[in-house]
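Participant: Okay, so the first sequence: first residue is 3 according to the working numbering, each after it adds one.
Simulated from the structure, these hints should not be mistaken for laboratory data.
Incorrect hints may have been included.
[Stated by the list, open to error] Think about it this way: if two alpha-carbon atoms lie no more than 27 Å apart in a straight line, the pair counts; the simulated DSS-like pairs of lysine-lysine are: (1) Lys12 with Lys487; (2) Lys182 with Lys111; (3) Lys207 with Lys182.
Being a predicted model, the structure only gives us computed values, none of them experimental.
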Amino acid sequence: MNIYQETKNKILDALYQNFKNLNEGIENKVTCEQPKNKKFGDISSNVILVVSKILKLDKKNISKILINTLLKNKYFDRAEFIEPGFLNLYFSNEFWLNFLNKISLKGDKFGFSNLGNNRKVNIEFVSANPTGPLHIGHLRGAIFGDVLSKLLSKTGFIVTKEYYVNDLGTQVENLAITLKHHLKNYANSENLKMTENMYKGEYLKKIAEKLIKSPSFNINDFEKLKEYAVKNNLDLIKKDLSDLGVSFNNFISEKKIHDNGLMENVYKILKKNDYIYNGFLEKPKGKKSEKWKPVKQLLFKSSLHGDKSDRVLKKENGDWTYFASDVAYHYDKAIRGYDEIINIWGADHAGYIDRVRASLLALGFKNTLFTVKLCQIVNLIDKKKVIKMSKRDGNFVLVSDILPKIGKDVLRFFMLTRKNDAHLDFDLEKCLNETNENPSFYVQYAYARISSIKRIAEQKKQQINIKQIKTKSASLSIPEIDLIKSLSLWPKIIESSVAYREPHRIVYFLIELAGNFHSYWSLGKSDNKYKILAEQNSELTHVRFLILNIIQKVLKNGLDLLSVSVKDKM
RNA sequence: GUCCUCGUAGCUCAGCUGGAUAGAGCAUCUGCCUUCUAAGCAGAGGGUCGCAAGUUCGAAUCUUGCCGAGGACGCCA
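Throw the hints in and build the complete structure from the sequences for me.
Facilitator: Written as structure tokens, this is what we have:
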């Protein structure tokens, strides 16, 4: 269905028919694109430039031979050679009508091909610490990961969505300490002050309140308190996720990974593969590190696989480091047999990529693709000022604060209007007050307008025949061809979104497609010739409905990928 | 100090991994609702793509060096 790829294949065929000694790399060098400027045809290729360079032949000769072969295909109306070596191709109306029939037959599958070939992908995202509800710092990764997962699973990948729960270590200790503090206050009707290491935030008071009512509760069972705190915070997070429309297949517990002895397994393998030694690290640069003193410690040779330095596996007190834990977790993922492991991290974890990749290589998973997508920070802007969030004061804007005000659709759409690794300014005012500025409405409006014209046609009892059309008799004018051309990009957009793991491309395409439709719609306002319901000409109406129907489907399928709803009336 | 990301219109950002005259929204200005939804459309102005070299038929895109913004460089998670 990708006419750009198909045309490229035709060009390559024509080359192989006519020329010899073309080297292997040619398939990667020849491009086939829809040119920005219409005067360069429907499809433009750099083929002549590429071939003339390889064969050292005259460009005009090559183009003559090539054009001669290509024009034997009835779908090409004409082909032109233009300096410095482009081949511009023009399709016939018959081609476009035929293409229209084909994509119409594809229905909802149009654009979605089996790119993944059943490759198994594990995609881990959010993984916010279970110390409180989600705040807007988690928002972007959550939505990005969810949409990327959906995109991959719709294109032939077998996707597992995973959340890693850090339910081990000092933060969980502190969580339980905080809980105990609240419990004591309740029991003694006191109001003791919190200490520095405790978690601020009212939600922990509520959790304590709930716990005190439960019959089996024992304030001195610290392990139980930890468990209880983690579980309840995780419930808060799960509620936020479900309100956002984000779901997971697995919640993997760090504690369980340790309890199951995976850490020891990993240690043995690394030791056996000679990646472990006791040694000293250099003093870290840049930061004030007065506390630093050289200590002999258990190190992993991550520098053998591209990391800048070796990394510590065990703390001075004998506990495994967070990194060691992560190695075990990635080992756990890898032995589950994924072809690819995707992690979605905040940009502040960029320095982490090399060491985790190194650990997978050291553990022997050379064929497991390891991909990290970084999400840059979201700046929350209110009244033209960036709102600073501070962990110490427990001063966070929560997902549950803004979601009811803005709505899931607008929020999800907006979070994907930026490339994942670019900063994103999230302006509350704009999302709240000037909702019509929001592009999600623009796309939904296009959908609603098409629904509207369908309703009217029904009322008028005009046949909305969206079946096949005869390619010989039907006519097309330029605005209609332009719409079909827009649609022809859809498979390409999905392919590149998948290839680069960049769902924002879908969003930009939808906005563009909606825009092209809106233009077309408005054409009929000023010129009766372009009224969609052409009363005198049922065949023309037929073609138009065929096009609009596909546009509507693509808009719906695109918004579906984002889990944004469509409306028949707005 | 080292490393990573970014720098495109007044503002917020795309730019199909090297293609032809660099695009969109917002803001400013001008038109368009007795006619299929004006949450819309058409048009105007607005640019040394941070700066400078290099690579080549061709650079916003690749390389190097500066300048500027953010982040990372712990036995924290």
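Participant: Checking each numbered hint in turn, tell me which of them this model violates, lowest number first.
Facilitator: Going through the list in order, the structure violates hint 2 alone and respects the others.
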